[in-house]
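**Student:** Protein chains in written order, with numbering that gives the first Met the number 0: chain A, 0 to 194; chain B, 0 to 468.
Among the hints, a few may not be true.
[Unchecked claim] Computed footprint of chain B on chain A; a stretch qualifies when at least three of its residues, placed anywhere within it, have a C-beta under 8 angstroms from a C-beta of chain B:
| # | region |
| --- | --- |
| 1 | 12 to 19 |
| 2 | 66 to 80 |
[What the hints assert, rightly or not] Covered stretches of chain A (in silico footprint by chain B; criterion: 3 or more residues with CB under 8 angstroms from a CB of chain B, positions within the stretch not fixed):
| # | region |
| --- | --- |
| 3 | 23 to 31 |
| 4 | 135 to 148 |
Everything labelled a hint here was simulated from the structure, so no lab data went into it.
In this text the structure is predicted, and so the values were computed from the model without any measurement.
The C-beta atom is built at its ideal place from N, Cα and C for all residues, glycine as well.
Residue strings, one per chain:
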Amino acid sequence: MAKFTTLTSHAVPLPAENVDTDQIIPARFLKVTDKHGLGDSLFCDWRYLKDGSDNPDFVLNEAASQGAQILIAGNNFGSGSSREHAPWALVGWGFRAIISTGFADIFKSNSLKNGLLPVEVSADAYKALMEAVQLDRSTRITVDLPTQSVTGPDGLEATFLIDAFSKHCLLEGIDQLGYLLSFDEQITSYEQQRT
Amino acid sequence: MEPRTLFQKVWDDHVVVQEPNRPAVLYIDLQLIHEVTSPQAFTGLRERGLKVRRPDKTIATMDHSTPTLPKALWVIDDQAKAQLGQLETNCKDFGVELFALGDSRNGIVHVIGPERGFTQPGKTIVCGDSHTSTHGAFGALAFGIGTSEVEHVLATQCLLQRKAKTLEVRVDGQLMPGVTAKDIILALCAEIGTGGGTGYVIEFTGSAIRGLDMEGRMTVCNMSIEAGARAGMIAPDETTFEYLKGRERVPQGADWDAAVERWSQLCTDEGAKFDKTVIIDANKLEPMITYGTNPGMGIQISGPMPTLESFDDFSQQAAFEKAMLYMDLEPGQPLLGKKIDVVFIGSCTNSRISDLRMAAGVFSGRKVADGVRTLVVPGSHDIKKQAESEGLDQIFKEAGAEWREPGCSMCIAMNGDNLEPGQYAVSTSNRNFEGRQGKGGRTFLASPLTAAAAAITGEVTDPRSLLLS
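Could you build all of it, start to finish, from the sequences and the hints given here?
**Tutor:** Laid out in structure tokens, this is it:
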């Protein structure tokens, strides 16, 4: 997994609440057998018109969004299904962090395993960051994982919580399966006790 | 010992290692696999040269993208075909038991687990599918996981998990005629919202829950995730044991008696504390229906839809406006009488025999309204056979509904069963997200009774009006 330490980028504002995984990546794109190439289908039904051309009204298609690595979105982001295709598609497009006031449990867990940082901030901080980004799309935001802080323009600062283990894994680029495999002996003895 | 909740007991029983400031290493008793969320996990195993640690605790089925027409009419696109083929190869290479398309034991993953007796009280059960919460109806701790975690469990039979908080949802009282398990869970979603249960495992308690049969309990636990909770649980009791007894994969003979004794301890102790409690009065529940684009946007079927003023928060107002625009509905108006195009009866929420019996009771001696397409999709081959032996298929067919082969079908619309843009459906499935049942399609979630009633009248209908006549 790619390491995550500090990220500074302009951001894409998506103020909708409850953005569900069916919007992030509709089910018809789940028939793939690998993780790659889903970035083109990210937010597909909002992003493209019936004829397949870009929907000029959708924020991701705006010139100001190109190259952004931060998405700032409304509360309860990623609700719905367990599909890891959702973070794969977000990472595939280029996002490395999502700022919101809340994330659905499974989405959050999946994101953390793909180097995509869910940044959960207070309602006030969210509002201030969203307004700053909407006012000036070139606004740069810094997400700093070691200090668990978000910095915006005009001294705008916020903190976020992340559990110590996930933080450690992201900072070091540690793959959780490797960590789990190191408990082989304990797992074996647990299995023996139970049978 | 401190009094413990049901969740705490199952959790404690499965912790292999708990290091400070680390998630627990939690042992998993059963992993269920399907074609959509597993291929990348097996690829990961191959890349690392790993085996499936416990093939005997792993079961696979094909359900999401499988056709529901008879075999002669199967249309499977190349991508789906490749994915199904990949599952077959993976199961063969890694020694995993597979109930493939065409196998008489095939069906929706959350239907066949309980049906064959794989699902048992006190087990930890995972699947790369958020509706794994269904299995909690048996007092199992069951939740959906991502594909990385599918790989973790395949390789180690364990998961790294942080302990969730506990939410008691107490449903006391008695359901009125025409009000079902589905209405309980839709009422909860409307009450606490789709994020209300985030971070919690729900335990459903109370006399109305005790009064449900296992299939109703599965419906309730199934949609725990729609309230934001990864898992929903119900303590096992005589109803649970009665359902499980004699099923293919449950302990038999003396082992059965020992298991029942063990399972009987799986209840929340007197004095155990939940982090939060929500109370629902079953006596006051009505049939529920959703109007919007998430499962929390639900109303009592006889009531009006909300208006902008019903919400005090700006972003909730924006979400409501966006939903009403997508659904092309008028705020403040009733949903009763709204013309519909499609009725879908099926999905891991409501495709079991009691669901089909409920629907058939409404269809019996009646005809589907002109212009309404009605799909009835049983959850498994066993259910299909049972329904046919009771003559339910004849009732559906004579009414003008399509009687299909098992699968997820129009709940997720990956297999060619889908809504056309702009169409309205009353659906017994679990999600009404934009485009969930087909791009541009609009979904009203409801119970099998309400869905069947809509099929007969061609509009959103209070099922009680048909039950009484």
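**Student:** Does each hint hold? Answer for all of them.
**Tutor:** Hint-by-hint comparison with the structure:
1. Requiring three or more residues with a Cβ within less than 8 angstroms of a Cβ of chain B, the coverage given for the region 12 to 19 of chain A holds, as 5 such residues are present.
2. Here's how the region 66 to 80 of chain A fares: 6 of its residues keep a CB closer than 8 angstroms to some CB of chain B, so the rule of at least three is met and the hint holds.
3. With 6 residues bearing a CB less than 8 angstroms from a CB of chain B, the region 23 to 31 of chain A meets the requirement of three and the coverage assertion stands.
4. Against chain B, the region 135 to 148 of chain A contributes 0 residues with a C-beta closer than 8 angstroms to a partner C-beta. That does not satisfy the three-residue criterion, and the hint is violated.
Hint 4 alone, counting from the list given before, is not met by this structure.
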